[in-house]
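Number of protein chains: 2
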Amino acid sequence: MTETALTVHQTARPTGFPSADQFRFAESPVPEPDPGTALVANLYWSVDPYHRELMDGGFALHAPLEGRTLGRVVASRTPSLAEGEIVFHRQGWRTHAVVRPEEVRRIPHHPGVPLSAYLSVLGGTGLTAYVALTRIARLRRGEDLFVSGAAGGVGTATGRFARLLGAGRVIGSTGSAEKAAYLTRKAGYDAAFDYRTAPVADLLARAAPTGVDVFVDNVGGDHLGAAIGALRERGRVVRVGTISQYNTPDAPPVRFDHADVVEKSLRVEGFLVKDHLDAQEELYDFAVPHLRSGALVADETVIDGFERIVEAFLLMLRGGNTGKILVRAA
Amino acid sequence: MTETALTVHQTARPTGFPSADQFRFAESPVPEPDPGTALVANLYWSVDPYHRELMDGGFALHAPLEGRTLGRVVASRTPSLAEGEIVFHRQGWRTHAVVRPEEVRRIPHHPGVPLSAYLSVLGGTGLTAYVALTRIARLRRGEDLFVSGAAGGVGTATGRFARLLGAGRVIGSTGSAEKAAYLTRKAGYDAAFDYRTAPVADLLARAAPTGVDVFVDNVGGDHLGAAIGALRERGRVVRVGTISQYNTPDAPPVRFDHADVVEKSLRVEGFLVKDHLDAQEELYDFAVPHLRSGALVADETVIDGFERIVEAFLLMLRGGNTGKILVRAA
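Quick note, the sequences are listed as chains A and B, same order. The numbering of the first sequence is full-length UniProt numbering, which starts it at 1 and goes up by one. The numbering of the second sequence is full-length UniProt numbering, which starts it at 1 and goes up by one.
Chain A extracted, bound-state conformation (with noise of 0.2 Å):
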């Protein structure tokens, strides 16, 4: 713990893709936690698609950042936390963190898992898979999955969980063949394509050319046209963002033909994953064990350092990071 505290604001808005000068660090002695407060020294950062869209305007300028956290207490005026707890909260972007108790929540003490998987396959990029294969596409078992933004955070845990759920083939796109190649070596895909090689279809035929019954979308784009061309009868597409539209505002829609949605009974649809917080618990009950046993592994890119912060949003933006990105305090 430093005597020096470090906030990071945003200081104008983008158009386009983000850069580094639209952010600045300030400085400012540590905070004194208040009576009825506590001091949160932060440990781990969660940098998601969904700050892209904050930068539009969502997040106030010159003001500090809100984020996915997970600290340690080093100094309480409150009984309700104790110093030492680990606790999640929301006040990221800024190394230390002053909170009542009802703004954060106690992360369980589950042995043999490690603390950033909190943030990873059992914090809200998992639960985000989770919920998009159990209550939203309704996955069952021997069924076929196609994954776009396959090698990101909610891509890689979409793919693991599938697996672990008794999914048949589960095929992922990705924007580089090495991002490809970590999917089928290390992640559990059985087949993986650089969407920038060809048209998606082509690709999507080649490697599933008697199609799929769900398509996990964290993309947009291309891939929900040509996914809709490969969904089997009663195909599910479960939308769970658009990373491929934020920063290209002037981007077209997404198109299909609709003629196919009626005439094999598809269904499409979008979630915030915030509607589903009541599936943490389930969350755990199914993961925690196989995170024990090994049958599950948190996909994880972990960035070093508070004051890469900027630059691990910047990559995630770019798609340079496999699994979930983090920044850990050095």
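No wet-lab data here; the hints were simulated from the structure. Virtual Cβ for every residue (Gly too), placed ideally from N, Cα, C. Treat the hints with care, as some may be off.
What the hints assert, rightly or not - As a list, the in silico DMTMM-like pairs of lysine to aspartate or glutamate whose alpha-carbon atoms are at most 20 Å apart: (1) Lys274(B) to Glu233(A); (2) Lys264(B) to Glu103(A); (3) Lys274(A) to Glu53(A); (4) Lys274(A) to Glu103(A); (5) Lys264(A) to Asp275(B).
Claimed, not checked - Under 10 Å between C-beta atoms, here's a sample of chain A residues computed to sit facing chain B: (6) Ala12; (7) Arg13; (8) Arg267; (9) Glu307.
Using the hints, position chain B against chain A.
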């Protein structure tokens, strides 16, 4: 019952809008039923949008067409079918049909219900509307509804059923000022517009300034994009058909911003009524008491004379009908 039977054959495939010269009326003697079959003299024929699709390949050329039909058993050589019984079968587009008992469904006797209703609000058309609202949209009391192709068979049944199911505002889109007036004056719609007069999004914003919860889409095209924009959180789109695209093979696919699907947690779902035939008894239980009390009216355009069946079909494709279009034996 005449001594001559008439059958309609398709003689050529359409490119774009079909024409009468792609059909031919064939004369033959009235057939004799073989043992195990019965002769049915047809009374009502349904012509439907899906027939347009069958013209592209589903209907064999120079062979009798198929369709939903009601007729009376006039000669029986099977103990399973009694002379005088009214039956539903699928040997449409002909004055007489020889049927096996397993090919027909007996029409239940609901006193006070007109026979034609079994091809309109109690038939496949009504079942489509009922399933769209109850099983796919899962409409709740007080929710506001937007319907495209609102003046057609499915559209009118959807509006009337929604009202009886406790919907809030019911708003319809149709292709002429006359049909819009029909919807609000006769068919129980709260508001209706002619979609040819302005961009659908503008017309819908005017008719439903605070948005809608459910969109039952019989049309596709621009309506879908407009409705996606107008849907409230957790809104549902039920895709019933694609009539706007059958006759314009070069029409672009529908387009909308899929970020809306995520951010508003929307669901877009297509279905085929053939997968929901088990809802038929539930439809009778729901609709027959309302038909008897007068709370439900079957909207129908009835064309008299089998020789006008092609005319009726083309009229339906041009949107010239209000309610379900039926042909009645002279």
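Results for each hint:
| no. | hint | result |
| --- | --- | --- |
| 1 | Lys274(B) to Glu233(A) | holds, 13 Å |
| 2 | Lys264(B) to Glu103(A) | violated, 26 Å |
| 3 | Lys274(A) to Glu53(A) | holds, 16 Å |
| 4 | Lys274(A) to Glu103(A) | holds, 15 Å |
| 5 | Lys264(A) to Asp275(B) | holds, 11 Å |
| 6 | Ala12 | violated, 23 Å |
| 7 | Arg13 | violated, 18 Å |
| 8 | Arg267 | holds, 4 Å |
| 9 | Glu307 | violated, 32 Å |
The structure is inconsistent with the numbered hints 2, 6, 7, 9, although it conforms to all the rest.
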